[in-house]
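Peer 1: Letter by letter, the chains look like this.
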Amino acid sequence: MSVQIDNSQPAPLPLAAGTARGPWATAVRRLMRNRSAVASVLALLMVALLTLLAPLYASYLGVDPFRSNLRGTIEIAGEAVPVMQQSTSGLGLGVTPIGPTWSPGGYMLGADNQGRDVAARLLYGGRNSLYIATAATLICLVLATLIGLVAGFMGGVVDMVLSRILDVLWAFPVYLLAISLSIVLLTSTIDLGLFTITAGSLALPIFIIGIIYVPYVARPVRARVLTLRQSEFVLAAVGLGLPTHRILRRDILPNLMPTIIVFVPILLALAIVTESALSYLSIGVQPPDASWGTIIQDGQTLLYSRPIVALAPGIAIVITVLALNVLGDAVRDSLDPRGQVP
Amino acid sequence: MLATITARLAQMVFVMFGISVLVFLIFFATPGSDPAARIAGRNAAPETVEQIRQEFGFDRALPVQYAIMMKRLFITRDLTSFVNRGQKVIPQVLDAVPATLSLVAGAAVLWVLGSLFVGVVAAAMRDTVVDRGLMILSLIGISMPVFWLGEVMNLMSQSRFHDTWLFSWVPGLGYVPLSESLGGWFKALVIPWITLAILYIGIYGRILRANLIEAYSEDYIRTARAKGLSPTRIMLRHALSTSLLPFVTMFGLDFGALVGGAALLTEVVFGLNGVGRLTFHALQNLDLPVILATVIYASFFVVAANAIVDMLYAVIDPRVRK
Numbered sequence: 001m002s003v004q005i006d007n008s009q010p011a012p013l014p015l016a017a018g019t020a021r022g023p024w025a026t027a028v029r030r031l032m033r034n035r036s037a038v039a040s041v042l043a044l045l046m047v048a049l050l051t052l053l054a055p056l057y058a059s060y061l062g063v064d065p066f067r068s069n070l071r072g073t074i075e076i077a078g079e080a081v082p083v084m085q086q087s088t089s090g091l092g093l094g095v096t097p098i099g100p101t102w103s104p105g106g107y108m109l110g111a112d113n114q115g116r117d118v119a120a121r122l123l124y125g126g127r128n129s130l131y132i133a134t135a136a137t138l139i140c141l142v143l144a145t146l147i148g149l150v151a152g153f154m155g156g157v158v159d160m161v162l163s164r165i166l167d168v169l170w171a172f173p174v175y176l177l178a179i180s181l182s183i184v185l186l187t188s189t190i191d192l193g194l195f196t197i198t199a200g201s202l203a204l205p206i207f208i209i210g211i212i213y214v215p216y217v218a219r220p221v222r223a224r225v226l227t228l229r230q231s232e233f234v235l236a237a238v239g240l241g242l243p244t245h246r247i248l249r250r251d252i253l254p255n256l257m258p259t260i261i262v263f264v265p266i267l268l269a270l271a272i273v274t275e276s277a278l279s280y281l282s283i284g285v286q287p288p289d290a291s292w293g294t295i296i297q298d299g300q301t302l303l304y305s306r307p308i309v310a311l312a313p314g315i316a317i318v319i320t321v322l323a324l325n326v327l328g329d330a331v332r333d334s335l336d337p338r339g340q341v342p
Numbered sequence: 001m002l003a004t005i006t007a008r009l010a011q012m013v014f015v016m017f018g019i020s021v022l023v024f025l026i027f028f029a030t031p032g033s034d035p036a037a038r039i040a041g042r043n044a045a046p047e048t049v050e051q052i053r054q055e056f057g058f059d060r061a062l063p064v065q066y067a068i069m070m071k072r073l074f075i076t077r078d079l080t081s082f083v084n085r086g087q088k089v090i091p092q093v094l095d096a097v098p099a100t101l102s103l104v105a106g107a108a109v110l111w112v113l114g115s116l117f118v119g120v121v122a123a124a125m126r127d128t129v130v131d132r133g134l135m136i137l138s139l140i141g142i143s144m145p146v147f148w149l150g151e152v153m154n155l156m157s158q159s160r161f162h163d164t165w166l167f168s169w170v171p172g173l174g175y176v177p178l179s180e181s182l183g184g185w186f187k188a189l190v191i192p193w194i195t196l197a198i199l200y201i202g203i204y205g206r207i208l209r210a211n212l213i214e215a216y217s218e219d220y221i222r223t224a225r226a227k228g229l230s231p232t233r234i235m236l237r238h239a240l241s242t243s244l245l246p247f248v249t250m251f252g253l254d255f256g257a258l259v260g261g262a263a264l265l266t267e268v269v270f271g272l273n274g275v276g277r278l279t280f281h282a283l284q285n286l287d288l289p290v291i292l293a294t295v296i297y298a299s300f301f302v303v304a305a306n307a308i309v310d311m312l313y314a315v316i317d318p319r320v321r322k
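As given, the protein sequences belong to chains A and B, one line each in that order.
All letters in the first sequence, in the order written, are residues 1 to 342 by this note's numbering.
All letters in the second sequence, in the order written, are residues 1 to 322 by this note's numbering.
Hint data in this document are derived by calculation from the structure and do not stem from the laboratory.
All of these numbers come straight from a predicted model, not from anything done at the bench.
Mixed in with the good hints there might be a few duds.
[Said to hold, decoys possible] Listed next, the stretches of chain A that the computed footprint assigns to chain B, with coverage defined by at least 3 CB atoms under 8 Å from CB atoms of chain B:
hint: 1; segment: 179-186
hint: 2; segment: 267-276
hint: 3; segment: 306-312
All C-beta atoms in this analysis are idealised placements derived from N, C-alpha and C, irrespective of residue type, glycine included.
Extracted from the complex, chain A is given alone in its bound form:
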């Protein structure tokens, strides 16, 4: 039997070609058309790139962001100027760190209490802030997806137990949970057999932030799994006797991805703000490490004399979190056009 090719048939309409695109490609296209989404992605890339270039800035200008430099001097217009300047007002006691300067010796944003270059610390601190937020988001998503999958798919007693645990975690105010966890973890070295977490490690804020937001993601994931469990293609797969892990991997998980992806920018934004808050309360990133939160804390005593120390990291947080929030809205709209506010 030969296939007759009918040349008189019109070429497929462009519309038909459009509908043939997969849901992911459609979502990405929709996202790319959203100008504010593209702008926020660019802004985020900029921030990430700048923080990655931190060592370059520090080594080029010869500043050490982690060692105090109380007696150091820098050269401005051919003159050696001390980093910590003797106060000229009042009794002339005490010292004020140098303000922002455009000198080849660094200190673009001035110095902090310890005579360290604020700009260099801002970049290094940004690395930690972004790293902690990313790692915490990943931990949170993995845990929440696992819990949601197991609870939603298994049902019965397993679901009951997991859901009650989520209820308790959800009702526990996030900052109180974070404070309880960090006060205990910070005062003891945790020996988990395979690996040891020391008190000053970055793993602590990552772990704490990753845990406290689990119920916020696990609950919607579980709800989605429950509806998917009742959908016809899953019922068919169950009826065919396919193994559970295959159903979870091939049928449930791909359909769960939109629900999970929507949370990525939101969680990143939440994690950055939470990290800065914990570090501000001195229960997050521990010195000598820096993060945007710890720099704001450093700047608090200098607030009225050198406000830039506290202002700069805050502005960095606002830019990053704002971009993430804008992106979050755009991602939600592009993945779920029906849920979109017209």
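Using the hints provided, position chain B relative to the given structure of chain A.
Peer 2: Just chain B, lined up with the frame of chain A:
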């Protein structure tokens, strides 16, 4: 309806129990560390540690330890600090409540009014410059860490612009009890109220706008339009009244969460002696009994507040009542 309320109360008790067990496990049963030494604080004498071990029953079974903890928190209420020797913890926490309540209640008034304004105006002037501007401002409000915003406010009102007409009335940082002076209380809290409210105006304004716009595509709005009602009346009486229902739950949750600890950062920045600042100082001194007490009391308060909101909701919304 009685069944709904009973079920909700049972759930509340269960969640409280769960939280207390979780806190107990975190504080007293973390592997690889001695809880007695932790409670004693830095550089404690071995006798003190031994005394704490006896008092809290750390040499006994875990359930007994849990029972002792709960008894000392709620029944005998004789938990004492070891950093500030002999200081009773529970009265300290209760003394700090008025400052926290004043802060959160005032901020709540501001954020409800502010978000109603933002949501209604943005929805009514949808897709105009005003709408865009309000939404961008809301997003920025959501993106600012509250403690940083507080520092910016302090910088302006306490230092840079303190001598101008705008901020010359702002008193120094700190809380003035309402019983002492009404004017002083108000002046001391205006800037903290605004700071705390900005975040929530952003969140609530955006949600209210979305709800209103969704309501506008419903049939009953078309009917109201067809009846020839004025746009203002449609907005306020028809669209807004339905859009406010989810608002009530959210408000209850956030109000409870703020009183129960989320206002901590604002209290710290503005030096208000509330529960949050008490917790913060305990954190600095590693004063564990105080942290234990504030965490348990505050989270119990939040859970109770949530339960009350849900029960109120059952009264308001006929669909839940059944």
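Peer 1: All hints are to be evaluated individually against the structure, with a verdict given for each.
Peer 2: Now the hints, each set against the structure:
1. 179-186: holds (count 6)
2. 267-276: holds (count 3)
3. 306-312: holds (count 3)
Of the numbered hints listed earlier, not one is contradicted by the structure.
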